[in-house]
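Could you build the full structure based on these sequences and the hints that come with them?
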Amino acid sequence: MIKTKYRELYCSSPRYWGGLASLVFLILLGMGAAYYMEHNGHFVTGMSNQIVWGLPHVFAIFLIVAASGALNVASIGSVFGGPLYKPLGRFSGLLAIGLLAGGLVVLLLDLGRPDRLIVAITTYNFKSIFAWNIILYTGFFTIVGLYLWAMMDRKFEKFKTPIGFAAFFWRLALTTGTGSIFGFLVAREAYDAAIMAPMFIIMSFSYGLAFFIITLMAAYWWADRTIGDLRLARLKNLLGVFVGSVLYFALVYHLTNLYVTQHHGVERFILLDGGIYTAMFWIGQVVIGGIIPLFLLYSPAFATSRFAIAVASMLVLIGGFFQIYVIVIGGQAFPMNLFPGKEVLESSFFDGVVAAYSPTLAEGLLGFAGVVVAMTLVAIGARMLRVLPESLEDPADAECV
Amino acid sequence: MSINNDQPDLQRRNFIGKTVLAAGAATVAPGVMLTVANAGSEEGVSSDVRWGMLIDTNKCADGCTACVEACNKENGIDLIQRPEGQSDEMWDAQRPQWIRKVKLRDTQTGEVSNLPMMCQHCEHPPCVDVCPTGASFKRADGIVMVDRHICIGCRYCMMACPYKARSFIHQNVAEQLTGAPRGKGCVESCNLCANRIDEGQETTACQDACNQEGHKAILFGDLKNPQSEIAQALKTHHSRQIRADLELNTGVRYTNV
Ligand code: SF4
Ligand code: SF4
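Chains as they are written, first to last, in the working numbering: chain Y, 1 to 401; chain A, 1 to 257.
Derived by calculation from the structure, the hints in this document are not laboratory data. Hints may contain errors.
Simulated crosslink set (SDA-like; lysine to any residue; CA at most 20 Å straight-line) [as the list claims (entries may be wrong)]:
1) LYS216(A) with THR65(A)
2) LYS160(Y) with ARG386(Y)
3) LYS103(A) with SER348(Y)
4) LYS127(Y) with ASP129(A)
The following block contains the structure:
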């Protein structure tokens with residue numbers, strides 16, 4: 001087998017710097033939005049005492065979930081020994097770090113007191129799953145950083161497998177932690193389900209791989225390098241399996257909820273008469289994020305179409321975004337049932353009614369800037385480090401396939 | 001006393017936990033001195049008491065909001081100004097409410113009842129469990145509150161509270177009371193008038209207001225003292241916790257719901 005050669009991602013300067021400049025512009029917009037919200041207070045957002053986590057949280061959770069999934073390709077390469085995936089390991093690590101950083105930036109800037117970062121990282125309540133998550137995130141950066149190093153430095157190479165294993169388990173813990181943020185909220189009917197954690201893991205596989213495919217294709221297009229059909233087909237089939245599993249888990253989640261009579265209200269809300277949330281579930285999550293991508297990935301008509309793969313990955317991301325939106329916002333909009341068997345006639349605090357939420361531009365800009373931060377880090381990282389193979393042509397000898 | 005300041009700069013946790021009971025002065029904000037009353041004990045709050053409330057919904061009058069108004073006044077919630085350009089609906093959804101009146105109808109029997117809802121001062125408070133920094137805390141005497149100096153405004157406690165008892169401060173705060181310092185970006189909720197209790201008083205503002213209106217629907221006191229009026233009443237009347245299924249052992253109990 002020919003040794004894979006890695007090279008920094010060079011493309012013509014105007015193309016690179018022009019691209020980077022537009023990314024930085026979008027980040028500046030996001031920072032402006034964050035400053036505007038911090039300066040005025042959250043009253044300029046659509047968030048309220050009813051919907052306390054809004055659009056920025058949707059972006060942040062989406063990116064954090066995708067981050068751990070992006071590491072999957074590296075894990076398959078070095079933990080499970082998939083030869084076709086091995087050359088992709090470095091890029092997978094870089095993308096994972098970028099996505100996590102993007103998500104965390106949004107989370108941090110959406111705090112009521114972002115200036116209290118020091119408090120957040122020095123004062124811990126170890127009973128809080130949130131505090132655990134902070135440790136999981138920091139650990140993820142460290143471990144994936146070391147993993148990248150082990151993959152890139154020959155002297156350090158002997159640690160690659162053990163660190164690879166550590167990274168693999170860490171990322172499972174991380175997504176479990178993210179899922180558990182919701183799994184622990186016993187009072188809210190939409191969240192009180194043990195399946196939340198495993199469902200988040202499979203969601204991470206799917207979103208992470210979709211991000212991976214898109215950024216990889218974009219990078220190779222950007223730098224005029226080639227990716228072989230075989231390798232893309234592998235990635236595409238894997239994505240199909242993950243997309244199918246996400247649909248399956250969503251089905252199980254709703255079926256188990258329907259089994260518990262107490263949860264019929266919230267199920268009805270999401271599946272039937274929740275207005276925008278019902279639409280987002282069926283059209284966004286199921287059709288755009290599930291059925292169409294599956295069709296694009298598996299239909300023989302698109303068997304060799306790279307465009308179809310790119311579109312399918314994009315749709316998986318859009319559908320995934322809707323899925324998190326429905327979980328985070330829909331789950332809060334549905335009223336908590338404080339008084340079973342009673343109907344609320346009057347309350348100044350929206351008891352018993354579906355809470356309204358319409359995000360403002362500032363929230364959208366901040367959230368989107370998180371995605372851009374991730375992409376910028378990847379673009380800079382790929383130019384400075386040798387993470388991308390010079391060529392991803394399919395290997396000539398079929399054996400290693 | 002009312003001060004004009006956005007973010008009071010005092011260590012509230014220490015302030016509450018220990019210092020509040022020691023006679024002394026604490027610097028509240030640059031140039032402002034606040035005298036903290038002595039509650040007569042040097043040890044801080046004690047777990048020998050557990051403050052709680054019993055609310056008789058039969059006595060809670062339809063349309064009366066005396067408790068809500070008293071709470072707003074006592075804790076300076078009425079000083080919070082509506083930001084310019086905020087719609088009515090948003091103001092309702094974003095302004096802090098420590099206590100709210102709820103009117104219910106039993107779907108089966110049609111019986112209508114009224115009750116005030118506030119922080120239930122859970123013995124096992126989910127808000128405290130989930131708070132990453134420990135800003136949400138339960139005092140030894142059972143009062144659950146927020147240390148506004150280490151609250152980072154993540155709002156996870158609001159997600160976790162089964163009673164929607166907490167409010168986030170969405171706007172700049174121009175004017176506030178020293179007894180209830182607050183700032184933009186932090187979460188707060190009913191603290192059973194901790195400032196009054198720590199001064200040695202034995203009633204809450206809402207209870208006083210309700211009594212004054214002649215309804216006497218709210219009874220506040222020490223649940224652990226068998227001699228206290230509330231302990232006696234709880235012994236003889238059937239009361240219940242809202243969402244008792246969550247087993248949070250709330251300090252606020254209701255009869256006739
Ligand atoms: S009612 Fe809510 S805010 Fe109050 S102690 Fe219980 S969980 Fe915390
Ligand atoms: S908003 Fe403040 S009090 Fe509530 S969980 Fe976060 S840090 Fe704790």
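When the hints from earlier in the document are held up against this structure, which numbers fail?
none
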